[in-house]
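Chains V and H are the protein sequences, given in the same order. Count along the first sequence starting at 1, add 670, and that's the number in my numbering. Count along the second sequence starting at 1, add 5, and that's the number in my numbering.
Because the hints were derived from the structure by calculation, they are not lab data. Glycine is no exception: its CB is placed at the ideal position from the N, C-alpha and C atoms. Be careful, since some hints might not be right.
Some but not every residue of chain H turned toward chain V, in silico, with C-beta under 7 angstroms [what the hints assert, rightly or not]:
#1 N13
#2 H14
#3 T18
#4 M25
#5 A38
Under the rule of at most 30 angstroms between Cα atoms (straight-line distance), these lysine-lysine pairs were calculated in the DSSO-like manner [to be verified]:
#6 V:K908 - H:K46
#7 H:K46 - V:K676
#8 V:K908 - H:K63
#9 V:K908 - H:K95
#10 V:K969 - H:K155
#11 V:K892 - H:K30
#12 V:K969 - H:K16
#13 H:K8 - V:K884
#14 H:K155 - V:K901
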Amino acid sequence: MALNRKIAYVNLTTGEIKTAPIPVEMRQLYLGGRGLDMYLLYNHLKPGVDALSPDNVLTVSAGLLVGTPASASARTHVGAKSPLTGFVGSSNMGGFFAPELRFAGFDHLVVKGKAPSPVYLWVHDGEIEIRDGSKLWGEDVPTTQDLIREELGDPEIKALCIGIGGENLVRYANVMTGIKNAAGRSGTGAVMGSKNLKAIAARGTQDIAIRFPKEALEYNAKLLEHIGSTKFAQIMQKWGTMFIYGVTNTTGLVRNRNFQSNQQVGGNIECEHIEEHALGTEGCYGCIIHCRHKYMIRKGPYAGTYAEGPEYTSQGAFGMEVGCNNFETVLIGNHLVNKYGIDTLETGSIIAWAMELYEKGILTDKDTDGLKLEFGNDEAMLEMIKRIAERKGLGDILAEGPLRAAKKIGKDALKYCIQVKGMSNLHSDERPTPSLALGIATGSRGSDHLRSRPAIDLYHLPEKVLRSIYGGPKPYDGPLSSDYTSYEGKPRMVQWHEMLYEAIDCTGVCKFHSVFLSPNLIAFDELSKLIYHNTGLEFTPEEIWDIADRAYTVERLFNLREGLTRADDWLVDRYFDEPTPVGLPIVRGKTLDRAKFKQMVDEYYSLHGWDETGVPKPETLKKIGLDQEPSHML
Amino acid sequence: MEKILVVNHEKCTGCRLCEMACAVKHVGANNPARSRIHVVKWPREGFELPMLCQQCEKAPCIAVCPKNALSRDSALNRVNLNYDLCIGCKMCVIACPFGGMGVDIVARQVIKCDQCDGDPTCVRFCNPGALQFVPASSVNLIKKRTVGVKLAEVMRKAVAA
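Okay, chain H solo, but in the shape it has when bound (with noise of 0.2 angstroms):
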């Protein structure tokens, strides 16, 4: 089945640990300049949005690659990066309208979301459930469910009314 991964930024508690879990998971070390994800936060409000790769359809990164090292892997729904093409050029990086493509700088190598190749370590870790691997089929299904249970509450009351 077709997934992709949400991010629900209400329920993110800023802890940063998909961060943590990604770059132990690909470089086995820590360090959040190696992350695939990151954590953006804006401490005066309490307000933080994770941001990763969003495996777009049209991707802007597959367009501008010079060596075709990227591509639409429709099996896995994601856009792959294949090291054994990529030249290191970062025009995806410059591409990427968010931040998406990154630069690791002990590997000498463009970096971007896998997504662990179908079972995505962020989301195992993250507790708060701000990070969701879903069924693309559903995903907006979910919403208008979890949206529809306000809605749902009115509408019954005027129907008793």
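With the rest of the complex left out, here is chain V (with noise of 0.2 angstroms):
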């Protein structure tokens, strides 16, 4: 059965490991992969612990359809404490760990404590060791991997590490799988290296039974026509995300120069340039969209080297934030860090914020160690990547993150800094799109775009096909505007791609393939009907909606705890000062308002049912069923 899958209790303090099954009562609260790791986190972790401690607690999971034929269904996601925002964190990447974890039998892992010396788990069919990883120690991503297959004798195994950005900590170190795939954004990878654990291995043999066969496979078989029939689906098998680059830089959209510019001037990083590098793309785990490229770096020091990306984050990062021009420094960047397992958003953010504080004399040569961090050089930009990753210099107080490297740089750094929950911003600029900018503000694990981004507001759709999106399934009939400058029923975008980014991340499938970057992929009618076909489990549109809000309002109570407040779902005031200025006549000369920027927060607060503090309301918790947490059922 899709079911039957256990979840394992890993000590690595005492080296006790404990299994056990997961109640299917669970199941029908949160489904799984994210939804049942952020309760297993509310549940297992003390309030207030130091997130590089041993006290912290490492989940690893797949979703509830990973392994079946729902589309994509590849997603790992990995929760902790986030040693970067101190609240939530919650990281997920595609690839083929997760399948792998499930066909060894596992769902859920839940590590604990910190191993004496570095260690990496094993998992197989059913069994989990804990080995001796001093070996892997110092290895980069993709060595760790072939060394783990080669000591282990077994070409199939699939692993998740980390690389020495996460042995560093570098508090937004990722954890990898593969050559390029990410769990990004919360620091997860630095976690792990907190608790020694090198990588985690899997392989196995054990069905995945599927529910109902015929009809799941005829059911997507028929999906993934659509799917593949759809324009967004064919531009991201040509092109991948780096499409987006072409729209968003023309219309004044992107972060460029840290703050100072809302797009690139002379920019030679469109995803054409893809071509003379790619080698074809690749796909995750049941994916036809593929949108990985494969690529060889062909000239400079790093010419020959195969590597896989980049995504339009990496163009945004080592391109549009830092000034580069170059298609290749691009290349390089995401080489580096998917190789030393750090952030590509996080990194290239941090660098852009530290380039614009040389150019205010802020930061001096002294600082950088005689490096010219200017925008635009290409080659102190790739030096200060590694210099992150292995915190020399001011990559050591970069390595910190921002609020905390702010702290050490002093004067007016802060100033300049453009974070959300010590989590730098992406490269878009939300000043033109009030509805983006509320997703970033309001993101449970800080400053991201994959939490609720409502990137089809974009498109200007009719208001017809806005409300036939967003009327449903709960019901909804405030206002929706198809104007993405305005901020009417725009929170009802944000509240709404929430509950389905976090539904899908509860089930493994890939946001690409749901109504995040085109409106005609799935949403929550469709997942009732993946999950029914693939699990037997029965859930009505509503009720995955029901499931999604309970699992972020564990997130939001999660962060209540921690310690959040009102004044943490908002952004740095840059967004309300300094209007954007270029790009097209509609994006031009825009700033948030701050009176109708908090309107729109209420109206969100009051959409979730919390107060105006941004607390759930007692009735709001006992409606969803978590007047009771932490309940400790698991």
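From the two separate chains plus the hints, produce the assembled complex.
Okay, structure coming up:
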């Protein structure tokens, strides 16, 4: 059965390993993946622990539909208290690890304590061993996985691991699998590093029984045919997420030179450049969109290096934000962060911030050890990536993340830092787009586009279409606006996508197959059918919304327990005070309006049933069954 | 019309949907260990190659089978496995030069690709078209045309010059 996968509790301090079944009642409350991880974190973590201490808890999981004929059911979720934000840490990646974890008999691993010396976990057909990992320590991401396969003598083993970024406790280190699949944004790689846990390897030969195999295959075949027929999928198959750059940069919706412009001029980093380097594209498990390029760096010191990607986010990190205009630089930067296992967005954003500080004289040559950290200095930027991963010089300070680094640098450093909840914003400029701005301000894991971004708001969809999407599955008859510069009805869009992305993350299906960048893909109705055909569990679309609401509210409760206040659901002053200098007329000269933004936050809270301080009301908690949390059922 | 299952590794994205569809179709569960097709990968090079029974004309599996459980099925142009005759000795697994014969550890029997009786599920699910079920008589013609496009371009230019 897809439902008979187990949960394992591993204590690295004592070496004790316990396994337990996951009761179907817990599936009915949280499905699995991110949702159940969040329940486990809320129940197993003591409030206020140091995120890099043995007291932190790391969860690794496969979603409920992973390894089933649901669409692109490949995602691994990694949870912990984030060492970057101090709030909920929640990272998600594709690749092939999660299906292998399920074939090995497990859905959730809960790792506690700290091993006395480097170790890795070996999960295989119902068994888990803690093995010596000292030979792996210091190795980069792909080499670590190769060495594990070699040591255990099985080329089919799939592993997740940390690179030197995680070992060196870079607060935005990733958990990685394959060449570039990265569970990023929350520093869960540093949590692994703090536990002396270098990797988790999995291999299994157990059935994932499909409840209605004929119907599941037939439904999936038709769904894939539909997905494959969308323009979005066809563009992604050819260009990956890099296609977004052409549109957003032309419009003026990107961060350039930290936050000084909203458009890159003279940039030579359009997606078409990949053609000179590409060797084809790769898909994650069961995915027809295969958005990941395989490429070879052709020139310079890294010539002959095989890598995968880059994503739009790396174009932002090593292109627009840092003012570097060369596609080769993006390719190298992308390779370096993946090899070291550090977050591409955070790394690029934090270097862009440091560059502005250097430009303003807040950081000097003395701080950079002579490195000319100027915008557009490609070599200095690439060198800084290395220094961050190795924690050398200024890199050691930047490895601490924006807030801690700002404190150490002092002066006016914080004023120029573009962050929410201590997590750097991605490379998009949300001043002209209130819905996108509200999403990053309120996201549970910090400033991030994958919690709730209503990206389709940028498409000016007719109101009728918006109504057909955002009017359900829970009734909504408030305003909706096709104008992406408007504040009207945007809180509903953010809430709707929050619920959809939470539900999707509980199942382990990829967001690119959902209503994220295309309005024509999977939403609550399709999820209901996918879950039924594959597992036999029956949920109406409304019930799936309720599950997502429950899981998201647990994230909120987690954050509140760690000291989150309404002030944390807000953007830095530059969004409200500095108008966008360039771009198309619709986005030029824009700032966000404080009063209207506050009203949006109020409305967003009210849609969630939270009070004006952002705390869920007692009746809200009762309605979604959270009034007794933590309930310690697992 | 006689058809054969052709693999074009250049189109394979390594997603393993073929493995999943094959297993779910044949055993109602996803388990690569029970799938008849496998995508073999070299992750550090980004190279992937789907591998399955080649339905050989002079099949070593047929030659070694002591019970005549394996035979040439001329109607569907495949090597057929008759489970009523099979004793599970696995000689075919040893003899196959491609790894096309496998062992299903749950069903306790040898397994091989049966081309889903003329409508291969893996082909249906292979969106990039790395797996194709094409007329045997024209399989090389399809390839000739694909490769010939480039050659034709050069020749046209030569004529024009």
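Against the 30 angstroms threshold, does the CA-CA distance of V:K908 and H:K63 hold or violate the hint?
violated, 41 angstroms
Holds or violated: V:K908 and H:K46, Cα atoms, limit 30 angstroms.
holds, 22 angstroms
Hey, V:K908 versus H:K95, does the alpha-carbon distance stay inside 30 angstroms?
violated, 44 angstroms
So if I understand the rule, the pair passes when the alpha-carbon distance is 30 angstroms or less; does H:K46 with V:K676 pass?
Given that 30 angstroms is the threshold and the Cα spacing comes to 28 angstroms, the pair holds.
For the pair supplied as a hint, H:K155 and V:K901, is the alpha-carbon distance within the 30 angstroms limit?
Holds: H:K155 and V:K901 sit about 28 angstroms apart, inside 30 angstroms.
Hinted pair, alpha-carbon criterion (30 angstroms max): V:K969, H:K16. Please report holds or violated.
holds, 26 angstroms
Hint validity - H:A38 Cβ closer than 7 angstroms to any chain V Cβ
With Cβ-Cβ at 4 angstroms, under 7 angstroms, it holds.
So, H:T18 near chain V? Judge it on the closest CB pair being under 7 angstroms.
holds, 4 angstroms
When the least beta-carbon distance from H:N13 to chain V is tested against 7 angstroms, hint result:
violated, 12 angstroms
Straight-line alpha-carbon gap H:K8 to V:K884, limit 30 angstroms:
holds, 25 angstroms
Does H:K30 lie within 30 angstroms of V:K892 when you go C-alpha to C-alpha?
Since the Cα atoms of V:K892 and H:K30 sit roughly 15 angstroms apart, the hinted pair holds (cutoff 30 angstroms).
30 angstroms Cα cutoff - pair V:K969, H:K155
holds, 27 angstroms
The structure shown violates the earlier hints numbered 1, 2, 8 and 9.
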